[in-house]
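J.: Based on the provided sequences and hints, a complete structural model is requested.
The numbering used here applies: residue 1 is where the sequence shown begins, and numbers increase by one.
It is possible that some hints are incorrect.
The calculated lysine to aspartate or glutamate pairs, modelled on EDC-like cross-linking and capped at a C-alpha distance of 16 angstroms, are [what the hints assert, rightly or not]: (1) K137 / D327; (2) K274 / D327; (3) K98 / E180; (4) K140 / E277; (5) K136 / D105; (6) K140 / E308; (7) K140 / D329; (8) K57 / D187; (9) K52 / E297; (10) K52 / E308; (11) K183 / D347; (12) K137 / E363; (13) K98 / E179; (14) K214 / E180.
No lab work stands behind these hints: they were computed from the structure.
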Amino acid sequence: MEEEKNTKGTENRESGKKKGHKALWITMAVILGLILVTVGIAYALLHHYHGKSNYQKDEEVSIVATIPQETQEGGSSAENQETLPEEVESSIQTEINKFDFPNGDYVYNILLIGSDRRDTSWYGNSDAMILASINKKTNKVYLTSFMRDSYANIPGFKPNKLNNAYAHGAGPLLVQTIEENYKINIDNYASVDFNSMVDIVDLVGGVTLTISDKEAEAANGMVGQMCNLRGWNASEYLFQGGGTVHMNGMQAVAYARIRYVGNSDFERTERQRKVLEQIFISAKKMNLGELNDLANEVLPLITHNITETQLISLLTSLPSVITYSTDMDRIPYDGMYSVSGEMLVPDFPATIQRLQNRIYAAE
Numbered sequence: 001m002e003e004e005k006n007t008k009g010t011e012n013r014e015s016g017k018k019k020g021h022k023a024l025w026i027t028m029a030v031i032l033g034l035i036l037v038t039v040g041i042a043y044a045l046l047h048h049y050h051g052k053s054n055y056q057k058d059e060e061v062s063i064v065a066t067i068p069q070e071t072q073e074g075g076s077s078a079e080n081q082e083t084l085p086e087e088v089e090s091s092i093q094t095e096i097n098k099f100d101f102p103n104g105d106y107v108y109n110i111l112l113i114g115s116d117r118r119d120t121s122w123y124g125n126s127d128a129m130i131l132a133s134i135n136k137k138t139n140k141v142y143l144t145s146f147m148r149d150s151y152a153n154i155p156g157f158k159p160n161k162l163n164n165a166y167a168h169g170a171g172p173l174l175v176q177t178i179e180e181n182y183k184i185n186i187d188n189y190a191s192v193d194f195n196s197m198v199d200i201v202d203l204v205g206g207v208t209l210t211i212s213d214k215e216a217e218a219a220n221g222m223v224g225q226m227c228n229l230r231g232w233n234a235s236e237y238l239f240q241g242g243g244t245v246h247m248n249g250m251q252a253v254a255y256a257r258i259r260y261v262g263n264s265d266f267e268r269t270e271r272q273r274k275v276l277e278q279i280f281i282s283a284k285k286m287n288l289g290e291l292n293d294l295a296n297e298v299l300p301l302i303t304h305n306i307t308e309t310q311l312i313s314l315l316t317s318l319p320s321v322i323t324y325s326t327d328m329d330r331i332p333y334d335g336m337y338s339v340s341g342e343m344l345v346p347d348f349p350a351t352i353q354r355l356q357n358r359i360y361a362a363e
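T.: Below, the structure written as structure tokens:
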């Protein structure tokens, strides 16, 4: 009898173990299933967002040998050739070649481009070129404007103004040009034209900035030009004067494009960075639903070379990146350039050293 009880007890324990194992496997299967579903949903959303944008592989972007002789606001077209003596150009390239590309996998560089294109027959001039450098060690986003009239050695073409690179080869050629002239690795680019930028500012609810009376007057001239191209009534978008103003998209872009108030293009790049910073601040205040709506509206306006894999990495780091502070500057740096005709010629050795030290800072 005792032996029979022991046998039954053993059987019960074995049965209990089997039931316990079964329950464990069921729990693990449910958890795994939930993970797979979550990953599937996340991938579907990622694929959805990426599909809505204008993604272009670099090799799919063609080079335009000759561009239209189109005169843009406030200056000559990008096709106008600016040259330096050959011995000077050779000396500049020799100095640039002395530098190596820095090793810094903790820094992500994306070039943000604003183009002024009146038609689709060419890529347009890159009137805004801002390198956003996300540094995970300093917890900062460094915004560096490159002035459009800066001298540059352009691969496949004669040296010219920097914005000439975009006119000939859009984002890929401009990225390559900045990389080779300033010895930094640029991971990706994203470009919009100014018409699209108007919509983007409106989608984040506008931006608040302080402007002078002279800036307001000059911006109103740009408002008139831009509204005329869109067929809009300019009187609805005019500034009433200087002060702290909550700007809509038309006003913000007009403000960012002012060139002949203050120190010419130097202050214009500063205005562009200010607008971009305010867009960033406005986006940080949005909840997930609002960010989703923003993504669905903004992504179709952006041309870029960010792959789905890269987008996963960016989205993963987004919660921490939006807490980073911003640090703004521009090239050429004060006291580190000379003027040749309409071109600004950076002191490349000093500029490269300062740029690398800044965006690849470790503390």
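J.: Tell me if the straight-line CA distance from K98 to E180 falls inside 16 angstroms.
T.: holds (12 angstroms)
J.: K214 and E180 were given as a pair; does the straight-line alpha-carbon distance stay at or below 16 angstroms?
T.: violated (38 angstroms)
J.: Hint check: K137 vs D327, CA-CA at most 16 angstroms. Holds or violated?
T.: holds (14 angstroms)
J.: Under the criterion that the straight-line Cα-Cα distance not exceed 16 angstroms, is the pair K274, D327 satisfied?
T.: The hint holds at about 11 angstroms.
J.: Taking 16 angstroms as the top limit, are the C-alpha atoms of K140 and E277 close enough?
T.: Answer holds: K140 to E277 is near 13 angstroms, not above 16 angstroms.
J.: K137 and E363 were given as a pair; does the straight-line alpha-carbon distance stay at or below 16 angstroms?
T.: holds (6 angstroms)
J.: Between the alpha carbons of K140 and E308, is the straight-line distance 16 angstroms or under?
T.: violated (24 angstroms)
J.: Below or equal to 16 angstroms on CA atoms is what counts here, so check K98 against E179.
T.: Since the Cα atoms of K98 and E179 sit roughly 14 angstroms apart, the hinted pair holds (cutoff 16 angstroms).
J.: Would you check the hint for K52 and E308, treating anything up to 16 angstroms between C-alpha atoms as holding?
T.: Judged against 16 angstroms, a Cα distance of about 12 angstroms means the pair holds.
J.: Check whether the Cα positions of K52 and E297 lie no farther apart than 16 angstroms.
T.: holds (9 angstroms)
J.: Hint check: K136 vs D105, CA-CA at most 16 angstroms. Holds or violated?
T.: The given pair, whose Cα atoms are some 9 angstroms apart, holds under the 16 angstroms limit.
J.: Take a quick look at whether K140 and D329 sit within 16 angstroms of each other, Cα to Cα.
T.: Measuring from Cα to Cα gives roughly 13 angstroms; hence the hint holds.
When held up to the earlier numbered hints, the structure conflicts with 6 and 14 and fits the remainder.
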